[in-house]
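**Student:** Here is how the chains run, residue by residue.
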Amino acid sequence: MRLTCPLCGERDRREFYYYGAEDYLHRPSEGAPLAEWDNYLHLRDNPAGVTKDLWYHEAGCSQWLLVTRNTVTHESSAVELVAERKA
Amino acid sequence: MPELIAKSALDGRSLTLGHVTLTEAEPGPITSVAVYPGQGKAVAKGLKTLGLAMPAPNSFVEKKGARIVWTGREQAFLIGVAPPVLEGAAVTDQSDGWTVLALSGAGAVDVLARLVPLDLRLTACPVGTALRSQVNHMNAVILRTGDHAFEILVFRSMARTAWHEIEAAMQMLAARMGMKF
Amino acid sequence: MRIDGKGLIDRTKPVRFRFDGKDYAGYKGDTLASALLANDVRLVGRSFKYHRPRGVLTAGSEEPNALVEVVGPSNQTPNVRATMQEVFEGLVAQSQNRLGSLRFDLLAVNDYLSPFLSAGFYYKTFMWPRAFWEGLYEPIIRRAAGLGSLSGKHDEGTYEKAFAFCDVLVIGSGPSGLMAALTAGRAGADVILCEESHALGGRLLSDGGTIGGMAAADWVASVVEELQALPNVRIMPRTTVTGAYDHGTYGALERVGLHKPARPNLPRECFWRIVAKHAVLASGALERPVAFPDNDRPGIMLASAVRTYLNRYGVVPGKRVTLFANTDQARATARELMAAGVQVAAIIDPRPDAFSVEDCPVHVGAEVIGSRGRLGLSGIQVRKGSEVIEIETDCLAMSGGWNPTIHLTCHMNGRPRWDEDLAAFVPMAGAVPGLVAVGAANGSMSTHGALATGQAAAVQAVEALGRKVQVPLPEAEDAPYRLKALWAVEGKGRAWLDFANDVTTKDVKLAAQEGFRSVEHMKRYTTQGMAPDQGKNSNVAALAVLADATGRGIAETGVTTFRPPYTPVSIAAMGAGGRAEGFAPQRFLTSDQASRDRGAPMIEAGLWYRPSYFPKPGETTWRDSCDREVEMVRQAVGVTDVSTLGKIDIQGKDAGRFLDFVYTNTFSTLPVGRVRYGLMLREDGLVLDDGTSARLGDDHYLMTTTTAAAGLVMRHLDFVHQAFCADWQVRFISVTESWAQFAVAGPKARALVNSFLEEPVDLPFMGVAPVRIGGVDGRLFRISFSGEEGYELAVPTRFGEALFRDLVARAETMGGGPYGMEALNVLRIEKGFITHAEIHGRVTAHDIGMAKMVSAKKDCIGKAAATRPGLWGPEREQLVGLKASAPISAGAHLFVPGTEVHRETDQGYVTSVCWSPTVGAWLGLGFLKDGRARLGEKIRLVDHLRGLDVICEVCNPVFHDPEGEKLRA
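First to last, the sequence lines map onto chains Y, R and G.
Residues 1 to 87 in our numbering are what the first sequence spells out, letter by letter.
Residues 1 to 181 in our numbering are what the second sequence spells out, letter by letter.
Residues 1 to 969 in our numbering are what the third sequence spells out, letter by letter.
So here's chain Y without its partners, still in its complex pose (with noise of 0.2 Å):
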């Protein structure tokens, strides 16, 4: 497998970390009820398809990406870096 990092380019899986699901990214803000972190935390859907997670490119530049793939056919349409994300 291989992952294209925006700074660093195509690498090999074994450079990269995998975290989890994007769901991190949206931190429930202080006050939150707990439903709501409990949600943040623990809820994760399972798609046969387009998902987005996020890996860390621990052996490269040491940023985080925000990866869209497709756990189906393994295709790797986009790779973000998340201290730039759009969203």
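Hints are computed from structural coordinates only; laboratory data are not their basis.
It cannot be assumed that every hint is accurate.
[To be verified] To be clear about the criterion: a stretch of chain G counts as covered by chain R if any three or more of its residues have a C-beta under 8 Å from a C-beta of chain R, and this derived list gives those stretches:
#, segment
1, 157 to 170
2, 584 to 596
3, 636 to 642
4, 770 to 778
Given the structure is predicted, the values throughout are model-derived calculations rather than measurements.
Where a beta carbon is used, it is the ideal one built from N, C-alpha and C, also for glycine.
Position chains R and G relative to chain Y; hints supplied.
**Tutor:** Positioned in the frame of chain Y, the structure of chains R and G alone reads:
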């Protein structure tokens, strides 16, 4: 008062096997320059005193013995010179944190192909390329300094492992030589 | 038998080798199989289950029978395919899977028991009685299972791994592969051409013919010469592409030194990870056997193999050969044998409309229905209409047609397509992105078809790369491929499908009869396709038999999944570079040599090597040294290397704000020149790490992490920064490697430190100051992990060794000295300081008594989740100290004295223990339900593993100097 003697990780050792030479290099000062958000102009001004600028991703630039190496997002290592006064950046001394290994010779690319998961063909990795990647299991900064020459920065505490693994790759390559298809 | 004038072996280079203790001669260019056949050795192995005598079936990596052990100086490699092993001077090989000699294998009794050993035998037989499972059945099954044996010694061989990148990867060097490589190579693309064999050419080396008016071998030579001259083409012989993986990654196994005597540093094998923009699969096709009764005797071979042995190795595996084949192409084997002067006893062609032109008896519309010969073939029975003909023959060349070698196209879940005309599966286009199958691998069975499709795929690839090329297509035969599918011949006796795993047509029918109708179920029930050849010789025929037995078509029955690797890959090759010292980097301290010089045993702490203790003359156990070092620190002064702690330099106007966000407590209010202990949570509220952070300037902090979590914390900080506050004015970088840092602890620590400094400083507890030491800029921290007055002195790493040696020498003049990890651990347990033994990922700030450190005034990572029900309160197991007069152990569990010892009554567990010379008792840290409310209580500590059952006193975890007077002195 104690007298503190400076020691490099590998005592400057050197090894040649076949067409490949491995040497511990003495890079001089290494300074991390990490630009604060929106402070690029201020940093550029400071670097200009050395005739340098923040390098593009995956590259390094050399001027009069001073090298500036891309090491990450809005981050570079200034190597070989004392850092100028730099506004707008976090400046951190990294001189002691790294061991620099120089690998050169006609088989240098083949040696690295045993350890580094990177496309090192000259078309993909021309002279002047700086890549953050791995040497086997060690994080490293890899500089293409010539068609057949590389400099590899590894954490100082891992220098012996890096040496051992590069040497092993050199030995295997040397043992293959003379093997004709 | 060797035939003069035939073959591509080098007859000027004879080679001697040994098989089963007997010496033989072969030539350079021979495989072990060809050399044994040249010496008329037909019996080379025993089958897996029935121990039937077996001979060479094929001439390639798909060989199911001729699996041997190759014995090297320091290793023994089982299951080596004799058809792939090249002979070299001094090669030693032996047969495997036998009890006794190969000719008189005692386990051949299994063959007579075969009526009881049919498919599903294990599942049916080893069920009852249950008491026999472990004591009787398992040892028997384990002894019978597995093929071949190892030396039992450590494999001293060298293995290599390597990475390669190219524009076009060509897999296979037959006509289609060579044409593809030539086309892409001439276009200037970077090409890697992998060929499994030692010689390029594929079937062209076996089948001959003409290409572009040249003899095929000459055409091959001319193309190879041109490719070798192209700087953009890399030819990799002896390299099998074993797997296709995501995003253009391919695995390939190169046999580097297996065809030579072992040499130091010469890798035996190299496992390549090749990344290719485009790949051309030119893997050809595999001929398939026919399942007729007793079709497994030595001497019965694939027709293509007989042809290969004749034309490539100048060997004929018999004196009177017969051919049983259902294609026109296979007839060439008989014709070429006759041309070489070998007697062909008969041709048997099951096709009723087959031609009959050869100068030998040709039985059209006939089938082989049986064979005889105990250790090798001596004759066959042929059924022609109602007539049965006996034919004397010692070699039967058989062919049931060809299966395109489509395996790689299925490695990413692609399903192949059944082609009725070919009676074979062909690849589904696009099954592996970037990979195009050509030639026979894609069902183009003629030489012309191979050349044309190979060229077309290469043109498509180079055009996608933006290159143009014109390569004229040479003329070659384009005969149609015409066959009548023939999978099995009905008759008396067992007909083998899977030679390697001893699966017969009867077994497959039995599976269907017993309800295992799905091809995946049939496979697992019969073990068909699960041997080292992974069903290369049997899959399609087996499912054809299954389809017939279940009344379905083959397309409907489907095929099992082909998974990597295509051929077996040794674990040593796959894991090359990761063994012994290569397993993980070794991190060495600057004090490493000085510690070893003093005889300190080094222990691993993560990747670091740290001194365990510093033995002195007269000390016989580690405890002697440890106890002395503890007392030394408590009474005088000790020095230890703490450089392994993670150090992160944090700068910027928002640095304090950032620390407030990642730590539970507040750092923005910390005065410059001061240090504060900080607690870091994960977002789920559990403790991530702890450590001290120092404020070096208004916008400058230095964070320390534990040794264990240094990398983890960096990753966490990067995430928090990039995900939640990328726009803040803060940047950080690891400086762990930049500083050598030494702890100096004990009542005489201040005196020792001041003897060093150019200007003595009077630091308050938890203070930090820049210092000058021997002309070097360093940092002095007044912090303690021992409970004594303590300092940490940091200098640039290059001065580390010098400073350590000097510090230790000075300490020794003051009654002190170095101390190791054991003493460090005792000192911190006595003081109740926690490490990752305590903050092991399941504890909260509340559990360790630090709930008050979670600031109410600000948000921080983990704060919200830490308030979840169940993460706090008296039901939680809380940190306590334990004191005992007998040895106790970490890992033990705690119970109320007088209650039963089981899971439900468990009150907690122990995380750290030591003998405390200071307190004069065994001390422990652990977690006890509602522990803080139970100080003074007696608790029962039980460790069944170590046989401990001890009553302890529950204590405040801080045993030594609970008021901290010594720290602040």
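**Student:** Could you run down the list of hints and mark each one as holding or not?
**Tutor:** Hints, verified against the model:
{"no.": "1", "hint": "157 to 170", "verdict": "holds (count 7)"}
{"no.": "2", "hint": "584 to 596", "verdict": "holds (count 7)"}
{"no.": "3", "hint": "636 to 642", "verdict": "violated (count 0)"}
{"no.": "4", "hint": "770 to 778", "verdict": "holds (count 4)"}
In this structure, only the earlier hint numbered 3 is contradicted, and the remaining ones agree with it.
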